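Given only the sequences and the hints, what does the whole structure look like? Please build it.
Taken in order, these protein sequences are the chains called A and B.
Residues in the first sequence are numbered consecutively from 1, following our numbering.
Residues in the second sequence are numbered consecutively from 1001, following our numbering.
Source of the hints: derived by calculation from the structure; they are not laboratory data.
Model, not experiment: these values are computed from the prediction.
Just so it is clear, CB atoms sit at the ideal spot from N, CA and C, and this is done for glycine as well.
Misleading hints may appear alongside valid ones.
Said to hold, decoys possible - Think about it this way: if two alpha-carbon atoms lie no more than 20 Å apart in a straight line, the pair counts; the simulated SDA-like pairs of lysine to any residue are: (1) B:Lys1003 - A:Leu21; (2) A:Lys468 - B:Lys1227; (3) B:Lys1227 - B:Leu1269.
Said to hold, decoys possible - With the Cβ distance kept under 7 Å, some of the chain B side facing chain A (calculated, not the full set): (4) Val1018; (5) Asn1020; (6) Phe1022; (7) Leu1025; (8) Asp1171; (9) Phe1175.
Spelled out, the chains give:
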Amino acid sequence: MLFNSVDFAVFLPLVFGLYWLLGTSRRKAQNVLILLSSYFFYAWWNWQLLGLILLSTAIDFWAGQEIHASSDRQSKKRWLALSIGVNIGLLLFFKYCNFFIDSFATAFQFLGYSFTSAQLEIALPVGISFYTFQTLSYSIDIYRKQLEPTTDWIAFGAFVSFFPQLVAGPIERAKDLLPQFHQQRSFSYLQARDGLQQLFWGLFKKVAIADQCAPLVDHIFQFHDQYSGGTLLLGALLFSFQIYADFSGYSDMAIGTAKLFGFRLSQNFSTPYFATNIRQFWQKWHISLTAWFRDYLYISLGGNRKGRLRTVQNIIAVFLVSGLWHGAEWKFVYWGLMHAMLFIIAVYLWPALFPASLARPIRIVSVLKGVVTFLVVSIAWVFFRAENLEAAFRILDSIGNFPGYAFELPKSIPTLIPLLFTIALMLVIEWRHRTRTHGLQISPTEYPRWVRWSIYHSLLIVLLLYGKFNETTFIYFQF
Amino acid sequence: MKKWLRRILLYLVSAFLVLNLFCALALTYAPPIFFQSLDEAWARVYLRIQSSNEHIDSDTLYVGDSVAGQLFPFNSSNQLTTNGSVLAAGNYMLIANALEANPHLTTVFYMCLPQTIGHDINRKRTCNNFVKPFLTPGQFSYLDKSITSALDRQPIAYLYLLPAYRFAPIDEVDFTIDSQQDDKELSDFSIHWLKKIYQLCQSKKVKLILASPPVAEHQRDKYQDWKAIRAQVASDPMLEQLFNGYFSTIHYYPDQYLRDKIHWQEAFLEQNRERITEQLYKDVGTAN
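Written as structure tokens, this is what we have:
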């Protein structure tokens, strides 16, 4: 079920009504309702793949108990290995099987052996990369003695499958979200208002920006060989806005929906395109995944504790895995590698060239740094969006060919105006509210009601006129 | 929670009022670029309705389907070509508006392919191309039973009277019926509105020229050279007068120059537009 669908517009009020009708004292009944609603929400796509969530839930619930109960370290390790093995095994099979078969075939052919690869027809279960990482964090945290296991399997099941963030995050840590299922939740007017504001802002970004960019971006990338560098650069820039509006829009809708049920999810985006360097960008983009890799991979590899060379190796390893996490294709590996290089430059080379003592708080310099960071990120997105690695290089080659620039637009200028207008509107609102958790976080103490409602009405008018309500799926569902 | 729900209800009511007020004002006062920016079929037709109420410098008005529009593209001046789904009724309204606003008009060129001139209202694209743009207060006086009976079959279409509903991203209403009219002949609906166009032009003493834009070769066999329409025209004196000379304007061109099943490639038109229009003016006996 998509957040931007009529089905969800019916599903959400129904579950919301039932949830609060149960009463705040009936916490367990509310958890049962969340669990069943979440399974229903997922089964709406494919009920057969629900079995994978059940498997992951059961294994980690069991492993968590056993890790905690085991007295010796070896036994704890075995149970942790089971949890990691099952979750990563599911990921490897469903997401990477064909990638590895292909890569082996290519490697064998490169070495002169004849090797015919057979592709398996495997459907990628929606959200598998998200819920497996979420359950893994539970087992690892128990192993690290940072968390006590739960004995309430309903609460644990609801934590794993919580429908607002089940299919595309934010990837929640058990120590943050699980205790909320054990607490009594009461309806808060302020939280519900904030939740609706965030839900609406997410819907606006998805429907009025991401889905408006999509046809244009799809066309430019599909027929990239017919366009010159200028149009391809425009396509890359538009894709930057599309993927941001799509994914941060989803996250806003997820967090907003959770607030309606009295839950607090972690912030996943913090105006990343206003970052002034790559390091800052990664502190603001897909925060929950970046933090997961930092805590469970980078630190496990030694982090920055084992010298500069090892730190650089660890950074490269994390970005390569991050690239592969997004998809089993070489283009994602290159995307990760490019970001690793940029990150290393930002961490080591940039401060060496421009020491802090030379830094001046000049606004124009910050703006320039921000623009350069955005352009670099947009160029890296070409690997992400292009059909394959060869197409990405062809596009980048054309973009680099400045003298050959021309702007042939696949759509008429008047139809592009609303798109540019809505992007500008989003940037202005997010810049103004950049220190807040979402763009539409406005309180009655700040503006009188008529101003707040005028803002909502204006956004609604833009949605009505230019929103694409064709129930397009979210980009990150494919990961 | 009651307070919260009350606020939401209040907000929804105010949003309903504000959206409808905004859309009503937009429909009346918004400049053409606003409708162009919507990139919707109904908005493109609505632009033609707006233009039909404006002053025209020329003494000739061109209306017609999308193939006619390839020869005489919409120019917000005197070329108000639309598409086949606007129906004879929509073209009647465009002509009526233009004649009302421009008493100096002397000639109306109505150009339609033989397979689109007889379109019935019970069609798939009727909603977006006819109902949505034309069901507005400015066109109410033109609605008659032939249209309201179709709307009565799909009463939800009356919601388009709410200005905001017209802009809403809601699936269009399907006007198709089981006993769909064959496009090899003129529908009763089109005959009714073609006669009204004829009577309107007669009453205003305006010359009405019915002509066909270029037709694809394969259509000749498919439609048996318009045998059914020719028979209908021959059996009705008013239609005979109206279609006088129409069939002589039908010229067939090779299918290889088609962009799709009926529209022509731009390169073909660029090379032949002048020749085709000269032939057309010669056929109807009008100097360019």
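Numbered hints the structure breaks, given as an ascending list: 2, 3, 5, 7, 8, 9
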